[in-house]
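S.K.: Sequence:
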Amino acid sequence: MKVFGCKRKDSFSGGLIIVAANNLNEAFETFAQDNRFDYMIEWYDFETQQLAEDVSKVDSDYYPREDWFEMPNLVANVDKPCVIEEGGYSE
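The numbers in this note's numbering rise by one with no breaks, and the one at position 50 of the sequence shown is 66.
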């Protein structure tokens, strides 16, 4: 399986998340559906004032959907998409 990552972008914090997935969209959605990172996901849309209907409509200030990238020199030997590691800090 391919390996994807994203550098943390929130104010006064830093870090990196690494996810095994088949494509960029699946990598973000794997992160978004992992309960350990619920506090990083924006399920509420302030413009429409509604909760997102599904994971394809959410985003994150910590790891923005558009900032994810593939790590082409890495391969994950796993059966299903998963978060490999998330190392971050907040001040």
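Fair warning: there could be bad hints in the mix.
Only pairs whose alpha carbons sit at most 27 Å apart, straight line, appear in this in silico DSSO-like list of lysine-lysine [stated by the list, open to error]:
id : residue 1 : residue 2
1  : K96       : K18
2  : K96       : K73
3  : K23       : K96
4  : K73       : K23
5  : K73       : K18
6  : K73       : K25
Calculated directly from the structure, the hints in this document are not laboratory data.
The model shown is predicted, which means the values in this text are computed figures rather than measured ones.
S.K.: It remains to establish, for every hint, whether it holds in the given structure.
M.R.: To see whether the hints hold, each was checked on the structure:
no.: 1; hint: K96 x K18; in the structure: 11 Å, holds
no.: 2; hint: K96 x K73; in the structure: 22 Å, holds
no.: 3; hint: K23 x K96; in the structure: 23 Å, holds
no.: 4; hint: K73 x K23; in the structure: 20 Å, holds
no.: 5; hint: K73 x K18; in the structure: 23 Å, holds
no.: 6; hint: K73 x K25; in the structure: 19 Å, holds
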